[in-house]
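Undergrad: Given only the sequences and the hints, what does the whole structure look like? Please build it.
Sequence order for the protein chains is A and B. For the first sequence, the numbering used here gives the first residue as 1, with consecutive numbering after it. For the second sequence, the numbering used here gives the first residue as 499, with consecutive numbering after it.
What the hints contain is simulated information worked out from the structure, not anything from laboratory work. Any given hint might turn out to be false.
Keeping only pairs whose Cα atoms sit at most 20 Å apart, straight-line, the calculated DMTMM-like set for lysine to aspartate or glutamate is [stated by the list, open to error]:
{"hint": "1", "chain 1": "B", "residue 1": "K579", "chain 2": "A", "residue 2": "E399"}
{"hint": "2", "chain 1": "B", "residue 1": "K579", "chain 2": "A", "residue 2": "E402"}
{"hint": "3", "chain 1": "A", "residue 1": "K17", "chain 2": "A", "residue 2": "E461"}
{"hint": "4", "chain 1": "A", "residue 1": "K17", "chain 2": "A", "residue 2": "E313"}
{"hint": "5", "chain 1": "B", "residue 1": "K579", "chain 2": "A", "residue 2": "E397"}
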Amino acid sequence: MAFSQLGRALDVEWFLKRDQSRPSADVEDSHRRLIGSDRSLSSAFEAWLQGRRTEVQHQTLGTRVAELLTGAHLLLIFASLLAGSATAEALLLSGDPQNPTNVLNFLLATLAWPFVFLSFSLLWIGVRGKVGGSILLGELYATLVGVLARVGQRANQENWSIAQEWRSVRRQHQRYRQVEFATFASASQWYALCFHLAAALSLLRSALFSDLTFAWSTTAQALEWDMLATFFAVSTAPWCQTTGWACVSSELVRATEFVRFTGQYAEPNGAALSGAWWSPLFLTLLAYGVLPRLAVALFFARRVARYDRELGERHIELRRRLVKGVSVNRQRAPGIPDGAAPAPELLTAAGDVSSVTQGPCWLIGWRGAELEPGHSEQQAAEFGYRIHRRVAAGSAEFEQDEALLLELRSSSSEPVLLVVDAWEAPDKATRRFIRGIRQSGTPERPIYVIVASGMQAVSSETLHTWRDRLALLEDPFLSVQSAKPPVTIEPPTSEQRL
Amino acid sequence: MNSSSSAPPVVPVFAVVGRVNRGKSSIIATLAEEDSIAISPLPGTTRRCTSYDVELHGTVLFRLVDTPGFEEAARALAWLKQGEPSAAQRKARVRAFRDTFSNSPDFVEECELLTPILQGAAILYVVDGSTPFRENIMAEVEVLRWTGQPRMALVNRSASGDYVSVWHDALAPAFSVVRNFDAHAASFRERLRLLSLFCELVDEWHSPLSQAIELLKQEHERRLEQSAEEIAALLVACASHTVTVRGAPNGLDDRERKAVEGEFLDALRKREAEEQRAVERLYRHHRLNAKHDAELERPLFQRDLFSERVWSSLGLTGKQLVATYSLAGATAGGTIDAMVGGASLMAGAVIGAAVGGAAALWQLGDRALSVVAVDGIVDRVNASGRKSVEYRVGPHQHLNFPFVLLDRALLHHRAVRFRAHALNASTELTVPKDDGPTRGLVASERQQLSKLFSKLRKSPDADPAATRQALSAHVLRLLRRQEQAQ
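TA: Following this line, the structure appears as C-alpha cells:
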C-alpha cells in the first residue's frame, strides 16, 4: 500500500527536524558517511534514508504512521465490504414474488450514490488544485492515527508520541503535501471499490444460491419502459455488444414492469423473465462501480510512486545536503579517514566541486550583496547548480526589480540563488521580491536565500532571524542558508610538496 | 536642580527614522534617558510611532518620535515619482502618498513614519556605520528629501567595523548635518553636543533647545549632588548601625551570636542596596535589578558586601590603613604634647601613632568580627538578678569597612552615571576599571575621612547630621574628580 511512501516522506521531515538540534558539522559528517560515494542523487537518497532508519532500528515516525495508517485502512476496507454486502443483501433478499427487488432501487443504493460521490470528489480534486488548502481526508486520517497511536503506545511502551510528532512534522506539510494528498486520494478509492465489489459479489452469491426476483416500478408517468430500455441498452453496450451476454433487452424491461397495486408484472411472462436482471446488474456494478474507482486509485498510486522517486530531488533542504555529501565524498581521496576535512584545493576548485548535477541557476545579488566570482560558483555548486545568469536587484529603482522579475519568467523553472547581506533585515521589500520570484516561475522552482557576511561566518541568530521572517512566505520550496566563508587557497609549501 | 518655572513656548519635535534594525530605538533611549523602550535584535519591533517627551519637572524640553523602519522605500519612491512632480509639488505628493495608503495594508510603516514628519517634525535619519553603504539606501534618503523637512543624519557606530567616512560622503549632499553617535556609549557631553546641533536645524527651535541644554546641565549637576548625599547617608547609616537584642545575663551563646551577627550584616547589605537603587532612580535607570552573571563575573560593587574578594580589592590597603590611623593617633597625641607645652617630649605623638597603627594592624585580618558590644559594666552590675539583659551589637568595628563601602558606592555611581539607556536591562552594569577609588586619595583626605568614620563608630547615637554634611562634601569632591577623569 502507498502508505509506505508517505512514511518515507514523513521520515525525511522527521529526520531533518531532529537534525536541527545537532551541530551542523556532525549532521553533515553523518550524512556524508551514510550516502557513500559514486552515487546518483536518487541512490544517495535511498542510502541516506535507509541509513537513518537503521540508526533508530526502523522505529521512525514514518514507519509507525505507515503501519497505523495501513491498519486503519484495512479496518475501513473491512467496514466497506460489510457495508456493500449488507446493502446488497438487504435489497435483494427482502424481496418476494409479491414484492420483487426493484432494480432501480438496487442501482440507486449500490451504484448511483457512490458514483455521485466519486464525481464530487473528482470535481473537488480538480478545484483543489486551484484553491489549495488542506485535505479533509488527511485530517480524518490524522485523528484516526492519533487514536490508534494512543492505543498502540500503551501496548508498545514507546517513549514518544506518534500523534504529537506527526502534528509537529505536519507544520512542514507543504513540502510533502503532494505525496500526502495523492496517498489519501488513492487510499480512499478502495473503500468505495470494496463497497461495489461486495455488493456485486453478494448479488452473484444470491443469484447462484437463491431465487431472486427483479422488477422495476415507478410512479412517475414520464418514465416509460422504452426510455428505461434505451438507458440500459446504452449502459450495457460495452459488454453486450462484444460478448452478447448480460444484455438488457427491451422485452425484459417491458415484461418486468411491476404494478404494486395489482401485485402483478405488466406481462404474464414477467415473473419468469425477471431473473435475467442479475447478470446485467452484476456487470454494471463492476463496470461503473469497481472499475472507475480502481482507475482513480491506480492513477493516484502512480503519482505517489512518482513523487516518491523524486523525493530526494524535489526536497529543497534534503537535496542540498545530498548534493554536498556526494560531492565531498567524490573528492575525498581514498585513504583519508572519515571526519577529516577534504583537501581545500578540491573544495575551492569550482569546476570540481560537484558533478552530481549541474543544472543552470540564476544568481541574484540583493541590495548590493555579492559573492566573489569564484566563491559564488563554489556556493552554487554546493546546491548542485552552475550559474547561468548573474544579476543585481534591490536598488533604489523599483522598476528595475519589476523588469528583472519579468525576465525571470523566461526561465520559469530554473533555481534562483538570492544572495543577501546578513546585516540587512528581511523586510517587506525583500519578501515581496521573493514572492515575485515565486510568481514568475513554477510553484516548485527552488529558491535559495544565501545569507552572506563577507569573509565571516554568519551567526546562528542572524540566520534564525532570516529564516523566521521568510517563513512568513510559507513557501515549501524556499530555503535559507548561510554562505560558507570562502576557503583561501594557500600555495603548498616546499615541505608539503615533498 | 534648578528647573525653569516657565515652559518653553515651542516644543521641538524630532522624528527618528531609518531602515529596520539600524538603532533608532537605541538612539531615542539614550537621548530621552528612557530605558523602557523595547530594543530588540529582531527586525521590525517598532510598528507604530511612539512619542517620548524629554521633560524636567513637568516641562517638556523636546520630543522624540520613534518610528517604524522603512520597509519598502524603493517602491514608495516609485509611486511618488509617478507623474514626475516638480520640486515644488513634492511635499504635496508625499502628503498624497500618506493619504492614499493610510488605511491600506500597503506601505503601513512608510505612512506611519511620514505622519510626524508631515506634521512638522525635523528628521533624524539613523544609519549603521558598522555596515557598508549600499546604493538602495538612497531611496529612503530621497523620500525624506521630498518631505522638505529639516534633516540631520546620525551615523550610529554601535558595532565593530568602520564604514563611517563612506556614509558621511554619501549622506552629506542630502542632509544639512551628518554626525557620528554611538547610542550605547554616548556620554552626557556627547548628548549635549548633539542637542546643540539640533539647535541649528530649525531657527525657531534655537531658543527652546538652548534653554533645554542649560536645564539639562543643571539637572546633571543636581544628580551629582543628590548622589553625594545618598552616598553620605549610606556611610553614616552603615558606619553607625547597631542592633539591640536581649539575651541571658551571662552573655550570648554561639547560636545567638551568629544569628544576631547575620541580622546585623543583612541590615548593612539591605541599606547598601537601597542606596544603589536610589542612585539608579536618580539617573532614570529603572530596570537594573536583574543580576544574570555568576557572582564571580559581577563587578565588585555588585558582589556580596562581605566577600573576600571585595575586601581584598576595595577600601584602603593594609599599609594605607596603618599609615592613616598612625597619623590620626599621632595627631591626637601631638595635641596632648602641645597642651603640656612640649613637656612630654613628643611622647604623646609617638604613643598616639603607635596605638593608632597597632589598632589598625590588629583589625586587618578581622573583617566582620567584633561586631558584638555588650552593655557597660554598671549596667551589667545593675542587671544582676534579672533574667535577661540588653546587648547592643555594632557598629561595625573594622576600620576599613566604611572605605570599602565608599569604594563600592563610588564604583556603582560611575557605572550608573555613564551608562547609556539604550543598553538593555539584561546587560550588566560595568566600570572600565574595577578598583577602589579611595586608594588613590592623598593621605590628608584619607585622614579626614577616617576621622569622620571613627566619630560615627564611637558615637553611633550622636546626631549624625553634621557628619553627614561633612561626608557629603567629601563624596561630592570625589564624584567630581570621577567626572573629570571620565
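Undergrad: All the hints need checking, so say for each whether the structure fits it.
TA: Each hint, compared with the structure:
no.	hint	in the structure
1	K579/B / E399/A	holds, 11 Å
2	K579/B / E402/A	holds, 16 Å
3	K17/A / E461/A	holds, 18 Å
4	K17/A / E313/A	holds, 18 Å
5	K579/B / E397/A	holds, 11 Å
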